[in-house]
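Just so you know, the protein sequences line up as chains C and U, in that order. Going left to right, the first sequence walks through residues 1 to 117 as my numbering numbers them. Going left to right, the second sequence walks through residues 1 to 244 as my numbering numbers them.
Quick caveat, the hints were computed from the structure, so don't treat them as lab data. Careful, some of the hints might be misleading.
Now the stretches of chain C that chain U is said to cover, found in silico as 3 or more residues with beta-carbon under 8 Å [claimed, not checked]: (1) 67-75; (2) 78-84.
From the derived model, a few chain C residues whose C-beta atoms are all more than 10 Å from chain U [as the list claims (entries may be wrong)]: (3) Glu-12; (4) Val-16; (5) Asp-29; (6) Ala-57; (7) Leu-90.
Quantities reported herein were computed from a predicted structural model and do not represent experimental measurements. Where a beta carbon is used, it is the ideal one built from N, C-alpha and C, also for glycine.
Take a look at the letters that make up each chain.
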Amino acid sequence: MSAAPWDVALREVTGVTGVVGAAVISADDGLVIAESAMDELATGDVAALAAAVVMRARRCTDALGSDPPDSVHLVGETGAIVAMAGPPPLWLVAVAQRDAELGRIRLMLRDHAGVLR
Amino acid sequence: MREALSNDLGFLELGERLRQRGQLAAAATVCLNGLTRAPTVAAAHDLLGRIRADQGDDAAAITAWRAALECDPEHVGARKGLAFVAFRAHDLSAAERQLESAAALAPHDASVLAALDRIRALRVSTPEPAPALGAPGSDMLLFDLHGLRLAGGIDLAADADRADLVSAESAGLMKEALRASRLLELGALQYLVIEAPDARTALAMIEDDAALLVRRSGATPLGRLLALVARAVPAARTMLAQSS
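From just these sequences and the hints, can you work out the full model?
This is how it looks when you write it as structure tokens:
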């Protein structure tokens, strides 16, 4: 049995230095579809909170008269979440430490998010 | 019917010919008369914008080009016109934004691309002014976390109601982002970026209860957007301090 496309995506994203976890989530209901993370990372919480931010970002771009978002980056002092839209309603989400290479993570998520099925 | 429409729009050619001859008052009369018959034709508002700009009435030109964009949000001429008046007002940043929007709509329009190159070259050789937070067309919004707009605007072509709506939605977004940062132990929220095909938007906290939104075209490099936010945050803090 071959691995699902998101298994490859999650493995590669979590292989980037500074990434502590990654998940494929449903933005509609905030549930985890697939995950790969360190034990201490509560991916269920990540999914729920990232989905809430994504939905709010969508309302914000609606108000701006822009296209729907295809990525959302939330950066704090010690960590960051980078979320990339896949086929609706899926989003590929990575949680990283603040000193991680966010540019590389962004590109990797973009490469993989489009092929999630 | 096509013939009737063509007859109705004959004023565009006449008005443009008069404008090019410098008979601006006559051109304006022809155009305004035509607009009474074709009020939803973007090209007519665009022509009026060019006439008003030639007359040196930039405020009226902006109004006309905004009307053109309301009729047709993808009207490249109106974007070029708005860029022109921004350039004339020495607001290179706004001119560049309008031209970037025009270039996104017409990527092969040589006149747009040449103008964009010229503006960018000027911006490189001209010291970057402090971000104009208070300007309605700055594409920067300062708002409180109750969702009320404090200053700024999002687009020359958009009205204050739109800016208020964006403030309300952005406040909700920032509250959600603050909650996620706290619960996931990401530390104090530094910034949030939303990428969409046509626009990139960055949001940053200014004080405990106020935040800043900066929007630029989808072609703007992320690093440049964040550098702009980094410069705008102190300016926003100063503005808040002065107003309190």
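How the hints compare with the structure:
| no. | hint | in the structure |
| --- | --- | --- |
| 1 | 67-75 | holds (count 9) |
| 2 | 78-84 | holds (count 4) |
| 3 | Glu-12 | 21 Å, holds |
| 4 | Val-16 | 17 Å, holds |
| 5 | Asp-29 | 16 Å, holds |
| 6 | Ala-57 | 5 Å, violated |
| 7 | Leu-90 | 17 Å, holds |
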